[in-house]
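Asker: Heads up: the protein sequence lines correspond to chains P and R, in order.
For the first sequence, this note's numbering assigns the number 229 to the last residue and increments by one with no breaks.
For the second sequence, this note's numbering assigns the number 459 to the last residue and increments by one with no breaks.
Hints listed in this document are in silico derivations from the structure and should not be mistaken for laboratory results.
Treat the hints with care, as some may be off.
Said to hold, decoys possible - Here are the in silico distance ranges between beta carbons for each label pair:
hint: 1; chain 1: P; residue 1: Asp213; chain 2: R; residue 2: Lys75; range: 13 to 23 angstroms
hint: 2; chain 1: P; residue 1: Ala167; chain 2: R; residue 2: Val419; range: 21 to 31 angstroms
hint: 3; chain 1: R; residue 1: Trp373; chain 2: P; residue 2: Ala49; range: 47 to 57 angstroms
hint: 4; chain 1: R; residue 1: Asp330; chain 2: P; residue 2: Asn204; range: 21 to 31 angstroms
hint: 5; chain 1: R; residue 1: Trp373; chain 2: P; residue 2: Ala56; range: 36 to 46 angstroms
hint: 6; chain 1: P; residue 1: Gly142; chain 2: R; residue 2: Ser81; range: 41 to 51 angstroms
hint: 7; chain 1: P; residue 1: Asn161; chain 2: R; residue 2: Ile270; range: 37 to 47 angstroms
What the hints assert, rightly or not - Okay, derived cross-link-like pairs now, EDC-like style, lysine to aspartate or glutamate, Cα gap no bigger than 20 angstroms in a straight line:
hint: 8; chain 1: R; residue 1: Lys83; chain 2: P; residue 2: Asp105
hint: 9; chain 1: P; residue 1: Lys63; chain 2: R; residue 2: Asp231
hint: 10; chain 1: P; residue 1: Lys191; chain 2: R; residue 2: Asp163
hint: 11; chain 1: P; residue 1: Lys135; chain 2: R; residue 2: Asp231
hint: 12; chain 1: R; residue 1: Lys83; chain 2: P; residue 2: Asp51
hint: 13; chain 1: R; residue 1: Lys75; chain 2: P; residue 2: Asp121
hint: 14; chain 1: P; residue 1: Lys63; chain 2: R; residue 2: Asp163
hint: 15; chain 1: P; residue 1: Lys63; chain 2: R; residue 2: Glu135
hint: 16; chain 1: P; residue 1: Lys191; chain 2: R; residue 2: Asp330
hint: 17; chain 1: R; residue 1: Lys376; chain 2: P; residue 2: Asp105
hint: 18; chain 1: P; residue 1: Lys96; chain 2: P; residue 2: Asp205
What the hints assert, rightly or not - Which stretches of chain P does chain R cover? Using the computed rule of at least three CB atoms under 8 angstroms from a CB of chain R, they are:
hint: 19; stretch: 134-146
hint: 20; stretch: 164-177
Given the structure is predicted, the values throughout are model-derived calculations rather than measurements.
The beta-carbon is built from N, C-alpha and C at its ideal position, and this holds for glycine as well.
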Amino acid sequence: MHPTIISYSAISGTPINIEPDAVQGGNLKNALSILAGLSLCVASNSAIAADDQTAAAASTVTKVCQNCHGPNGDSTSATFPRLNGQQADYIAAQLKNFRDHSRSDAHAMAYMWGMASQLSDATIDGLAKYLSSQKPTLAQSGGELAAEGRSIYLNGVAANNVPACGACHGPKGEGNSVIPRLAGQHASYLKSQLEAFRSLSRANDVMHANTKDMTDSEIEAVSSYLAND
Amino acid sequence: MMFRAKTNDGAMLKFAAASAGLVLAILLPQQAKAVPSYARQTGLACEACHTVFPQLTPFGRVFKASGYTLSNTSKVQDVDSLKHYLMSLSDTPPVSVMAVASTSSMAKAADSQSSKTSTDFPQQFSVFYAGSISENVGAFAQVTYDDQSGTVGIDNTDIRFADVATLRGHTVIYGLSLNNNPTVQDLWNSTAAWGQPFLTSPVMAGPAASTRIEGAMAQQVAGLSGYAFLDQSIYAEAGVYRSALQGASVAQNGNLSNNVISGVAPYWRIAYEADWGQNSWELGASGLDAALQNPTTPALGAVNASLQAAPTDRFDDIGLDSQYQFITDDSQITVAGRAVREDQRLNASYPAGLAGRPSNFIDSENLVASYFWRRKIGASIGVFNVNGSSDAIYFGSQSGRPDSSWGNVEVDYLPWLNVKLGLQYTAYAKFNGATSNYNGAGRDASNNNLIFGYLWYAY
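Please put together the full structure from these sequences, using the hints given.
Answerer: Following this line, the structure appears as structure tokens:
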């Protein structure tokens with residue numbers, strides 16, 4: 001929703017004056033003013049709803065999510081992925097996968113099946129939007145391992161049927177829609193997920209194919225390249 | 001140290017045995033807990049809150065600080081016209097049960113009346129209310145049947161109010177804890193109530209002397225404290241304890257009222273935790289300042305005066321503690337240590353002739369470490385030391401000193417995360433002031449060495 005409308009309705013209260021004779025008398029000007037008023041009313045109600053949704057999501061993140069995923073999704077513990085700046089569609093899809101148990105890697109079962117079990121679609125939508133709007137953590141890579149990882153990420157490893165990760169995840173690892181941001185993630189989290197795809201414990205046909213021949217050292221290298229820690 | 005008396009040789013022996021039993025009960029580490037009702041309430045597996053029960057992970061600490069209220073179950077709810085919660089009841093009662101069965105064998109029987117072995121089935125059986133009560137209130141409350149005493153009683157209890165606030169980008173979990181054991185409300189496993197070893201033999205010989213903050217007041221007091229946990233890193237808590245027996249008379253409870261807190265005993269706690277990668281490190285300090293009316297002594301002496309004008313012994317405890325954890329799916333490592341100094345001003349015991357000096361002190365230190373592989377197989381080791389000033393009358397030891405040193409090793413196997421099989425060996429280098437003949441009757445510290453096997457489950 002447009003922020004101007006949010007602030008307008010919130011500050012002014014958007015007084016809408018509906019005159020009875022305007023409807024009854026067919027006065028075009030009045031009718032237009034009613035239409036304008038009604039549309040403003042709908043817009044401001046939606047704006048308030050969006051505002052409420054953001055506030056509710058912020059509250060949920062503060063009170064619940066950040067206990068593991070850190071302030072606004074920037075987790076300090078490598079057990080839990082960073083969610084700040086993650087793609088909204090990806091977050092929403094994963095939360096729904098946790099809720100319906102279609103994602104069943106070990107940590108999904110241990111942590112997220114329970115946490116997502118009572119989430120409504122609206123709450124998931126709000127959380128996804130809120131977390132995706134947070135400033136992402138930047139990748140901080142260096143050294144030989146990261147250089148090797150950069151090559152895998154950008155060019156793939158033809159001999160092992162590993163395509164270039166960046167082709168889907170973006171040249172900077174920023175992700176796109178349901179394809180997740182990888183840049184700035186914890187290295188050990190990236191590693192554990194690649195291993196989970198390779199062992200088929202985390203569902204995703206595309207990633208199963210992409211990782212099936214990846215070696216441990218290639219996983220290590222590409223995780224190191226993308227990571228921040 | 002006396003163990004279970006099985007004779008009827010007069011009131012004095014009964015009193016001594018009862019006192020020894022009390023000393024044992026209060027000196028042994030409190031029996032530990034693991035509470036599956038929290039898992040049912042949150043939908044989270046044990047590993048979210050525990051490395052291996054009952055040791056907490058960083059998230060387990062936050063769950064506890066947040067008042068045990070995190071819930072992912074459907075609820076029966078009521079709200080007022082402003083949508084404020086009037087009631088929020090989980091559709092699953094937060095009830096758990098726990099049982100321990102064990103067998104113990106001591107190197108040498110405590111006396112001619114005692115057996116050197118003991119098999120306890122159950123050693124203890126507990127029922128918990130452990131879960132949320134409302135949106136901001138939750139509880140850890142335990143009732144335990146104890147095989148050795150044959151009694152059912154209130155065990156560790158911690159009822160909390162907690163909420164979360166954000167201040168200039170910082171998150172503060174704050175709340176109140178109403179509890180019955182100083183440090184039972186603590187978040188780290190480096191303080192007494194939740195320190196390793198988590199389970200010990202019911203016949204284990206406990207040294208006569210210990211500090212008050214390390215379990216001596218467990219279940220004898222009621223305390224209320226307020227706390228704040230900033231950014232899951234800086235923790236501060238302050239509160240007071242009163243004796244649960246305060247005001248009770250001999251006529252009412254049938255017993256003499258000993259170790260009754262005069263007024264209130266202030267308790268404080270500060271800690272700093274840093275989490276990075278798969279590491280967590282904590283450094284903290286805590287203290288308790290208790291003036292006790294009608295105090296008992298390690299030598300089993302007791303001042304028995306009217307509680308309305310009883311003099312007091314004052315125990316001022318200050319402790320430092322630290323804990324490091326490394327937690328991955330494959331390995332769970334915890335190292336924790338604690339040092340406590342207790343200054344004792346014996347304004348009741350000394351004039352009564354129960355102490356040879358007007359003041360004494362006790363130092364207590366321990367260092368423990370555990371390693372688990374995939375939360376399934378683990379081993380732990382601990383070294384413990386108590387020493388203090390020399391006062392044969394007060395400490396009741398042949399050497400005059402309260403010194404004891406001991407260590408233990410334990411191996412564990414968890415076929416499931418809520419079932420633990422443990423085998424523990426405890427060896428004493430020094431006991432109640434001496435290595436050999438510590439009681440003047442030829443008993444050596446090593447005679448108390450103990451092997452202890454147990455089955456511990458919770459559901």
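Asker: Take the hints in turn and mark each one as holding or not.
Answerer: Comparing the hints with the structure gives:
1. Between P:Asp213 and R:Lys75 the C-beta distance comes to about 48 angstroms, which lies outside the given range of 13 to 23 angstroms.
2. At roughly 48 angstroms, the beta carbons of P:Ala167 and R:Val419 sit outside the given window of 21 to 31 angstroms.
3. Remark: the range hint 47 to 57 angstroms for R:Trp373 to P:Ala49 is upheld by a beta-carbon distance near 51 angstroms.
4. Between R:Asp330 and P:Asn204, the C-beta spacing of about 23 angstroms keeps the proposed range 21 to 31 angstroms intact.
5. The hinted range of 36 to 46 angstroms is satisfied by R:Trp373 and P:Ala56, whose Cβ atoms lie roughly 42 angstroms apart.
6. As the Cβ distance of P:Gly142 to R:Ser81 is approximately 59 angstroms, the hint placing it in 41 to 51 angstroms is violated.
7. Our hint of 37 to 47 angstroms for P:Asn161 and R:Ile270 is violated, since their Cβ atoms are close to 55 angstroms apart.
8. Distance restraint check for R:Lys83 and P:Asp105: the Cα-Cα separation of roughly 38 angstroms exceeds the 20 angstroms cut-off, and the hinted pair is therefore not satisfied.
9. Between P:Lys63 and R:Asp231 the CA atoms are separated by roughly 12 angstroms; this keeps the pair inside 20 angstroms, and the hint holds.
10. A distance of roughly 35 angstroms separates the Cα atoms of P:Lys191 and R:Asp163; the hinted pair therefore is violated under the 20 angstroms criterion.
11. Between the alpha carbons of P:Lys135 and R:Asp231 the distance comes to roughly 19 angstroms, so the proposed pair stays at or under 20 angstroms and holds.
12. For the suggested pair R:Lys83 and P:Asp51, the alpha carbons sit about 18 angstroms apart, so the restraint of at most 20 angstroms is met.
13. Straight-line distance between C-alpha atoms of R:Lys75 and P:Asp121 comes to about 18 angstroms, which keeps the hinted pair within the 20 angstroms bound.
14. Straight-line distance between C-alpha atoms of P:Lys63 and R:Asp163 comes to about 8 angstroms, which keeps the hinted pair within the 20 angstroms bound.
15. The suggested pairing of P:Lys63 with R:Glu135 holds, with an alpha-carbon distance near 12 angstroms, which does not exceed 20 angstroms.
16. Proximity of P:Lys191 to R:Asp330 is assessed by CA-CA distance (about 14 angstroms); at most 20 angstroms being required, the pair is judged to hold.
17. Straight-line distance between C-alpha atoms of R:Lys376 and P:Asp105 comes to about 19 angstroms, which keeps the hinted pair within the 20 angstroms bound.
18. As the CA atoms of P:Lys96 and P:Asp205 are separated by approximately 17 angstroms, the hinted pair is consistent with the 20 angstroms bound.
19. As drawn, the stretch 134-146 of chain P meets chain R at 0 residues by the rule of a beta-carbon pair under 8 angstroms; below three, the given contact is violated.
20. Counting residues of the stretch 164-177 of chain P whose C-beta lies closer than 8 angstroms to any C-beta of chain R gives 0; at least three are required, and the coverage claim is violated.
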